[in-house]
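*Asks:* Using the sequences and the accompanying hints, generate a full structural model.
Protein chains in written order, with our numbering: chain A, 1 to 369; chain B, 370 to 738; chain C, 739 to 1107; chain D, 1108 to 1476.
If you are wondering where the hints come from, they were derived from the structure by calculation, not from laboratory data.
Below, a list of computed lysine to aspartate or glutamate pairs in the EDC-like style, where the Cα atoms sit at most 16 Å apart: (1) C/Lys1053 - D/Asp1378; (2) D/Lys1422 - C/Asp1009; (3) D/Lys1154 - D/Glu1168; (4) A/Lys315 - B/Asp640; (5) B/Lys416 - B/Glu430; (6) A/Lys315 - A/Asp100; (7) D/Lys1422 - C/Glu1008; (8) D/Lys1431 - D/Asp1311; (9) B/Lys684 - A/Asp271; (10) A/Lys315 - B/Glu639; (11) C/Lys1053 - D/Glu1377; (12) A/Lys315 - B/Glu636; (13) B/Lys684 - A/Glu270; (14) D/Lys1431 - D/Glu1206; (15) B/Lys684 - B/Glu468; (16) B/Lys693 - B/Asp573; (17) B/Lys684 - A/Glu267.
There are 4 protein chains.
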Amino acid sequence: MSLNSFGHLFRVTTWGESHGPALGATVDGCPPGTRVDAEMLQRWLDKRKPGQSRHTTQRREPDTVEILSGLYEGRTTGTPIQLMIRNVDQRSKDYSNIEDTFRPGHADITYFQKYGLRDPRGGGRSSARETAARVAAGGVARAVLADLAPGLEILGYMVQMGPHVIDRARLDLAEIARNPFWVPDAQAAVDWAEILDQTRKNGDSLGAVIEVVARGAPAGLGAPVYAKLDTDLAAAMMSINAVKGVEIGAGMGAAALTGTQNADEIEMGEDGPRYRSNQAGGILGGISTGQDIVVRFAVKPTSSINTPRASVTRKGAATEVVTKGRHDPCVGIRAVPVGEAMMACVLLDHLLLHRAQTGRTGPVGQIGD
Amino acid sequence: MSLNSFGHLFRVTTWGESHGPALGATVDGCPPGTRVDAEMLQRWLDKRKPGQSRHTTQRREPDTVEILSGLYEGRTTGTPIQLMIRNVDQRSKDYSNIEDTFRPGHADITYFQKYGLRDPRGGGRSSARETAARVAAGGVARAVLADLAPGLEILGYMVQMGPHVIDRARLDLAEIARNPFWVPDAQAAVDWAEILDQTRKNGDSLGAVIEVVARGAPAGLGAPVYAKLDTDLAAAMMSINAVKGVEIGAGMGAAALTGTQNADEIEMGEDGPRYRSNQAGGILGGISTGQDIVVRFAVKPTSSINTPRASVTRKGAATEVVTKGRHDPCVGIRAVPVGEAMMACVLLDHLLLHRAQTGRTGPVGQIGD
Amino acid sequence: MSLNSFGHLFRVTTWGESHGPALGATVDGCPPGTRVDAEMLQRWLDKRKPGQSRHTTQRREPDTVEILSGLYEGRTTGTPIQLMIRNVDQRSKDYSNIEDTFRPGHADITYFQKYGLRDPRGGGRSSARETAARVAAGGVARAVLADLAPGLEILGYMVQMGPHVIDRARLDLAEIARNPFWVPDAQAAVDWAEILDQTRKNGDSLGAVIEVVARGAPAGLGAPVYAKLDTDLAAAMMSINAVKGVEIGAGMGAAALTGTQNADEIEMGEDGPRYRSNQAGGILGGISTGQDIVVRFAVKPTSSINTPRASVTRKGAATEVVTKGRHDPCVGIRAVPVGEAMMACVLLDHLLLHRAQTGRTGPVGQIGD
Amino acid sequence: MSLNSFGHLFRVTTWGESHGPALGATVDGCPPGTRVDAEMLQRWLDKRKPGQSRHTTQRREPDTVEILSGLYEGRTTGTPIQLMIRNVDQRSKDYSNIEDTFRPGHADITYFQKYGLRDPRGGGRSSARETAARVAAGGVARAVLADLAPGLEILGYMVQMGPHVIDRARLDLAEIARNPFWVPDAQAAVDWAEILDQTRKNGDSLGAVIEVVARGAPAGLGAPVYAKLDTDLAAAMMSINAVKGVEIGAGMGAAALTGTQNADEIEMGEDGPRYRSNQAGGILGGISTGQDIVVRFAVKPTSSINTPRASVTRKGAATEVVTKGRHDPCVGIRAVPVGEAMMACVLLDHLLLHRAQTGRTGPVGQIGD
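*Replies:* Spelled out as C-alpha cells, the structure:
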C-alpha cells in the first residue's frame, strides 16, 4: 500500500512538488534487458512540457529527465529506475498571502483540511507538474512493451474542447501531431484555436475530453473481478489531475443502448476472432478481447481563472479570488500524453500479471484450432 | 496485491462462482468493537437479491449470509470476518454445449482466452452473483461507519434506464424504496415498468445509470495523487459487472463547462465552509470537501438476450447465440445496492487511512477558528 | 495490504478462530489448469492434525477440508480457491473466568490490550489451529509447483527438542515418516519419546527446532533488496505461532565463521555451477543459487502448562494460572508440516514473481554456455 | 507490491546502485506536521558512513543527504519525502573482467542467473551502500516517533564478533558510543580491535551479531497472524545485506527452554502489568507487551576477502578469486545503525496500523482499572 504509487508489478511511485528542487518517479519491477535511454523518455516529455504554443501555460520548464539508477550499459537491469526532473522556472516569491486563501475549484482547501498545512507554492503535490513524472515512467513502459507486445500502439487525442465535439467523419489520426490540440480533425484545430484565444481573453477556461486507444494489445489481459483491466484503467485516468469521468468503449452512452445494439457480434478473422463493432472498448468481463482498447476521460476546465470567484480565508472571512499567473486555458490539452503514459503503464502491468499467472504474453485459450 | 481484493486497510476479498456450493467475502482490517450481526447484513442483501419483482431474474436465491468468523458476543474482534452465502437455486444441468460457444457481450470468450478454460456454469467467477458478497461486506462497512462517522448516509438510485432519464425537478428520495427500480421519481417508475415489460417481450434488454450519494462524509478523506478518493471510487464502481463509465460530480459533462461555471464558490456556513454548487461532486484534488459525494456509473444492457446474435465456437465455426434462461432485462436495477456497498467500503477504507496518517476521523485543518 | 494475508502473487488469506464454526484460507492468484482435489490437500492436513500420537493434544479434529470455489472439473480455474475446515471438537463451555485472566506466555494479554476485547475460546485468532488453513493452502502450492518446477521437493523435520539436538551423523531422511516427532534420527525418536512423556508428567513443555529443506529449486528466485527470498521465508516462518527465531543456512552460526569458511566455493558440475559447501543455505544476495534451500526455526515451549505461574487479572489483581486441558507438550512437533507449507507457498510465489519479470521459471543467465 | 519497498503505511522505497550517480529513498505515508531537516538525518548517516575507523572500508563517502520533496517550512507535509545521497568516491574503472567472474559468497552469480546481466560496479543493487538510504528513512521515522511515542528509545549494538561474545555482566550502554564497534563492553572493544586487525592482515573477515532494543514502545502494536510485529521485524532485519538469522527475545535459544522457564510471569506495576523476565523479547502472539522489544540478527563475514577461493567464469571455466579493494573486515559493525533504522521504520509503521484500526497510539484494553 502506498499513497503515491500505482501498478501491481510494474510499479510507479512519484514524488516531488511543483516548486521544490525536483520531482520524479521510481519505477520498480521493470523487466531486465530492455534498451532505455534518456532521449527515448524525453520524446514523450517534450509532448507534455509547457510553453509549446500560446494555448498552454507560459511557464518555461525544459522538463529534462535524468536517469539516476536501474540501467547498465543502456539496458534495464531489473532494479529500480529513478527518473528525476529538476524544476527550473519555479519563480520563488512570497506565498504567505495565498497560503491563507482558498482558490475555488482547487485542492487548496481540502489539502489544508486533510493535513492541517499546505505547500502553497504552485499547488504543492496537487500540481499538474506531477504528471511529468508519469510521462517519464510511461516512456519506460513503452520501451518494454515494444519488446513484449511488438504490435502494440498507443495513441491519445482530444475529441472535445468545451462543448465542441469533433466530427468523427473527419477523423484523421495523421492530423494529431500537426496541431497544438492533439486533435485528429484539421477543421477543429482551426476552430478551437480561435475559441481558446477568446476564452483566455475572457479570463475563463475550458474543459476537454481525451480519448486514448491501444491497438494490437493481446487478448487475455485483465481479470474477472477487482483486477479488471478496465478497473485499473479507470483508476489510472481518474488519478490524473482535474479528471471527473472515465469511459470504456460506449461508456456512459452504453446505458442508452439495447442489449441487441450493445452485444458486439463475433466472426472468425484470419488469425482469430473478429468483432463487428466495439461497444465494449476492447474489454469484456474485465479482460481484453484483442480489439482496440478505447478509454475516454473528461478534464474539467482549469480552475485558475482571471474571473473573480467568491471564497473564504483560513480564518473564515469572505473574500474574492482571482488567479493571476501563467496557467493553461485548457489544461486538457496537456493531459493527452499523460493519458497515453497511464495506458502504457497499465497495459505493461497487466501483461506482467498475465505472464506471472499463465506464463504467456498472449491468450492461453486459442480459438479456431 | 491480490486479484480478488479491494481496499487498502478495510480490505475485502471475495471468492466463489455462480454455480458452486457457495460464495463469500473475507473482510480484513475491520476495527474492533462494532456491533454486527447477520440480520444487519441481510437487510442489504435482501435489497439486491433476485426474484423480487417481475423486472429482475426469476432465479430464486435467498442469499442468506452466514458469519463464520470475526465476531465475539455480537461485536467485531478486529480479526477477519468471513461472510458466506450458499448457492441454492443453481439448477445443475449439462453445460457442455455452452462451453464451446461464446455469447456476444459476455466474458465467455475472454475468460477462455485468458485461462485456457472456463467454468461455463452461469458465468463462473464473472457472474453478477459475485456482487452479493460485496453487499454483505458493505453491510459491515456501514456498521463501522455508523460508529466512526455518525452523520454519514449513503443512498443509491437509478437516474436513467435505457435512453430514459429522470426529471430532476421531480426528484423525491422518499420514492426510492417504493418502486422496484429504486428510482426517485414516481412517474418514471410507472413509465419504466411498461417500457421494461415491452423490452423483455422483445427479447431485448436495457442499460442504466446509477447515482450513489454519500451525505455527511467529513472533509479530508483521500490524498492528492494515486490514493485520491475519486480514484478509488472509480475503481470500485468500474469493478462492478457491466459498468462502462464512472463520473464524479459534473462527470463527463465537466468538459463542456467553463472555469467560471465549474469553480464551486465558497462561503462560510455555521460550522465550516459551504459551497454554492457541487460540480466537484464533493471531491477536490482527490480529497473530500465535506459536501455530498456524488458518483454515477453506467451499466450496459444485459448481454443475455433472447435475440439471435452472430458468434463463433471454440473451434472457430460460425454460429448464432440466443441466451435463454432467467436473466435480468435491466441488470442495472440490482446494481443499486452494489454501488451503495462499494461507496461504504471505500469511505470506511479512506477514513481508516486518514486516521492512520493524522490521528483524526475528520479534518485536521480547521477553517474559521 | 492485509493483516491476514501473505504472498505477493500467490496470495493466501486465512480466517477463522479456534472455536468458531469453521476456519479456512482463500488462495488467490493461483495459475489455472493444475489438477487439485481435496484428497491431495488432506494428505498434508492429516500430517498436522491433532491427536495422532500421545505426544500431541488429544483434541479430536478431523480437519477435513472442503473446496468451495476455484476448481472446475478437477482443475484450478485461476480464480480464488476457498478452503474451509469446520471445527468439530470445540467443546463449548463457559469461558467467562478465563476471559479475565491472562495466561503467561500467551497472547491473551496483548490481544486484550490491542483490541479492548478478546475471544477467549481457545485463543481465538491466536490459536495454532489457524495453521491448518496454511497447510491446506500449502497443498495447493505443492500441486502447482509439481507442474512448474517438476524436480522440486520440500521436506521438514525436527532437529532439536528442548536441549536435545539430533546427531547429524545419524541423519536418515527415511526415518522422518516413521516416528511421531518427524525426526530423521531413529535413536532420537526413541529417546525423545521418553523425555517428552516425563516432561508432560512434570506439567511442563519443551521447545523445538524445525529444519525445512527445498531440493531442486531453480536458481534465480528472489530479488536483491526487500523481496529477497530469505526475507519472505523469514517472515513466513516467524508468522507461525510460537516461533522466536529463523535461520537461513549457517544462520546465527554464520557470525562465528571467517570469510574463508563462509564463502561457498564454486565449481562446474554437469549441468551448471556446483558449490563445495552450503553455508548460504541456497540463497546469495536474496536470490536462490540452485542448491538446497535450508531454513530453520525455533518454536518456544508450549505456554499452556500444568505448573502454576504468577499472573494478573483484567482488574490488576495478582493471581496464579495453571492451564489445564488438552495441550501439546511440544507444539513444535506439529509445526513441521506448517513449515513445509510455508516453504511451498513462498517458493511458488517467487516463481510467479520471477516469471512475471523475466518470462522464465528458471535462470535467465546461463553459466557455461 | 513492490520489490524495493517495505512497510504497510509508512512505506519506504529505496533505489540506486553502489556506483551510479546517486541512491536514495522515497518515504511515503509519513504523517504531516513533524519537524524534519537534513541535519537530523545526517546524524544517523554519519554513524553508518564508511571510513570512520581503521575497522571499516576506506572508501570515502560523505553520504550527505539531500531532501528533495515532502517538506514545507521544515515540517513534513504528508506527501512523499525524497531523500537523495550522491555517490562521490565510486572510482570508475574497467569492470569488464570482473563481469565474467563470480565472487564466492557474493550475489554476483545469482544476480546474473536471475536477470541475465548484472551491474558489476561494486555489486550494483546488492551493495551494502543501499543501506544508507534505509538509515536516512529511519531518521524520518525516528522524528515522527518522537512525536507519537515520546518515551520510545531505540538502541543497537554488537554482542558478538566472530566467535567472541560479549560478557553480559559487563554490559554498559554508555560504552556503545565510545568505541568503533558499537559494543557495550569496554573490554570487548579493546580485544576486538586487536582481533580484527589480525583478521584483516590474514586476508580474512569476521561475522557479527547485532542486538537492537526498543524501550518504551506501547503495548498493542502488531497483529495475531501475518502482520505480527515480529514477522515484520524478522523481514526487515533479514532484508539487510549478509544477514543469515534473526531472533526475537530468547530466539533460537527458546527451543532449549521448558515452558516453565519460558513463560514470563506477570505482576502489577505502578502503571500497568510488569513482567518478571523477557524471554518473549517484548512480543507475545505477534503483539507488543510494553516491555523492551529485543531483536538480534547475525551478519555473515564479509565475502570480499584477500584469500583465494575457487570459482567459475561465466563461460564455466574454473578460476580463483581474490577480492582486493576497500572492504570492511567485519561488515557487521556498520549494520548497527541499519538495524536501528529498520526497527524505527517497523515500529512507526505498526503504530500507524494500530492507529488506523483502533484510533489509539497505545493499548485499547486497560489492565487494572
